[in-house]
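Visitor: Under this note's numbering, the first residue of the first sequence carries the number 12, and numbering increases by one thereafter.
What the hints contain is simulated information worked out from the structure, not anything from laboratory work.
Here are the simulated lysine to any residue pairs, SDA-like style, with alpha carbons at most 25 Å apart:
#, residue 1, residue 2
1, 293, 331
2, 21, 269
3, 173, 19
4, 307, 420
5, 177, 18
6, 21, 177
7, 88, 162
8, 307, 404
9, 198, 171
10, 451, 484
11, 198, 144
12, 325, 309
13, 151, 218
14, 325, 277
Here are the in silico distance ranges between beta carbons for each label pair:
#, residue 1, residue 2, range
15, 288, 211, 41 to 49 Å
16, 433, 407, 24 to 32 Å
17, 27, 272, 19 to 27 Å
18, 283, 343, 25 to 33 Å
19, 479, 134, 42 to 50 Å
20, 33, 352, 25 to 33 Å
21, 95, 135, 21 to 29 Å
22, 200, 135, 32 to 40 Å
23, 349, 429, 18 to 26 Å
Glycine included, each C-beta is placed from N, C-alpha and C at the ideal position.
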Amino acid sequence: MVEIRLTNTKTRGKEAFAPIDPQNVRLYLCGPTVYDRAHLGNARPVVVIDVLVALLRHVYGVDHVTYVRNFTDVDDKINATALSRQQAGAPGTLEDLIRERTQETIGWYHADMDALGAARPDHEPRATDYIAQMITMIEKLIADGHAYARDGHALFRVRSYKDYGKLSGRSVDDMIAGARVEVAPFKEDPMDFVLWKPSDAELPGWDSPWGRGRPGWHIECSAMSYELLGESFDIHAGGIDLQFPHHENEIAQSACAHPHGDFARVWLHNEMLQVEGKKMAKSLGNFFTVRDLLDKRVPGEVIRFVLLSTHYRKPMDWTDEKARAAEDALWEWRVLTKGVEPAAEPDPRVIEALADDLNTAGAISVLYTLKDDPAKLLASARFLGLLRPDMGAWMTQDLAAIDSVSVPVADVLAGLTQQLTDLRIAAQESKDYAALDALKSALTEAGIEVRMSKTGVELVAGPRVDAQKLGTLL
RNA sequence: GGCGGGUUGGCGGAGAGGUUACGCAGCGGAUUGCAAAUCCGUGAAGACCGGUUCGAUUCCGGUACCCGCCUCCA
12 MVEIRLTNTK TRGKEAFAPI DPQNVRLYLC GPTVYDRAHL GNARPVVVID
62 VLVALLRHVY GVDHVTYVRN FTDVDDKINA TALSRQQAGA PGTLEDLIRE
112 RTQETIGWYH ADMDALGAAR PDHEPRATDY IAQMITMIEK LIADGHAYAR
162 DGHALFRVRS YKDYGKLSGR SVDDMIAGAR VEVAPFKEDP MDFVLWKPSD
212 AELPGWDSPW GRGRPGWHIE CSAMSYELLG ESFDIHAGGI DLQFPHHENE
262 IAQSACAHPH GDFARVWLHN EMLQVEGKKM AKSLGNFFTV RDLLDKRVPG
312 EVIRFVLLST HYRKPMDWTD EKARAAEDAL WEWRVLTKGV EPAAEPDPRV
362 IEALADDLNT AGAISVLYTL KDDPAKLLAS ARFLGLLRPD MGAWMTQDLA
412 AIDSVSVPVA DVLAGLTQQL TDLRIAAQES KDYAALDALK SALTEAGIEV
462 RMSKTGVELV AGPRVDAQKL GTLL
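Produce the entire structure from the sequences given, and follow the hints as far as they go.
Guide: Laid out in structure tokens, this is it:
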């Protein structure tokens, strides 16, 4: 069996992965807070974990992996939208309206992640469907002295969990000294965090032993992972920015509520994304969503390729240049594997690279060496979620535009090939190559690759065909 | 201030204590009316300063610079 090695943030080292139950390998990925379209940074863990899940299914069996990714659908930005809709006269309770708003956002999220070729998880729990379980967990924490109720709030008592700060390498005292902590009169200790907070009439809320209110951030992941994966599971993943406080707080809650469990054994954290060497931020004007890219006709497959071309634990820089290079490689491989049946198994080097702490960049580099074996190339690329039959529509998009002048694409290229052949024969007799060269460079200009050999002329569409320019040559 | 990540050839980007990464671009050749494509060949690196070692780009320490988290942002 392939030995998978993963870098575990908890132990700060690369370790051999040994599932608790090989019949049911369990993984939890922190999903999005569904207040808006997913940005490119949101897509990185999704695509990376998609590959990990494929690897786990390959090693342990398709039916022996459980992948959970949540939707956090309680959030102040969502609340604000719901409230403004209600004030604008929308019917229904606030709880109905946030449900509506988040339903819409989840639809976008699904469409965008689908476009990147990421498989849907086995479970996609929504926080608002697990309010009761969160309340149960909080009650237990209070009963056991790990949390306390105060002024309509429930708070986690950070000092009652001795390992608090271990995951992120912080100490409670240092953090308080850093003074970047919200001071609140109802907190026993400034580091204590909110498990439950009160809602007024303008906020969605649920009945609880502490009054009408809503859960704090963090508790939803603890409650949902417990419900779906149990008190001990294998892998918990997310962006490195979640390491603190989100994951630290999850660990504290879960460890105290279920002291016999291990919670997550392996913690995987992906590094952040940059754009052209800078942090992606609205203030820098370089912020964009996955949908923005798709709308700019950057194929989902190209986005996926770029996201996988940097190791997940390194900062990933999105550049237009990388997208172009990815497009060229994918185009070439798709041409090469057209009509080819994939080999039964991917190249073992691809599996090896992935098994070594998910070295997706290394795996992609193996693909470059498989040009002589298209069947193997296809099987290997598909293992990474590339060259899938359902993701190749982008290749015909540009050519399809020519059909607007009512000429089928194939006929366009056939006609031009004939034209070029005739010109060539004439030129070879007259030794006047001017007209031939003119057509040739016009074709090249339009993104068509012109191949001329002794046996004849062949026109091959490239990744950046300019349909308009080509249209003028008809 | 505390914690963490990064720095590889013109560009992107991996692995490995000593042996070619790989891709793009470049250069030389074959081929071509000229190109393109293809094929063959080829130069080019490891931020800086020390240490360990027979030998380090790879391990250790320090410096510089970049980035992230500590602010419900993956």
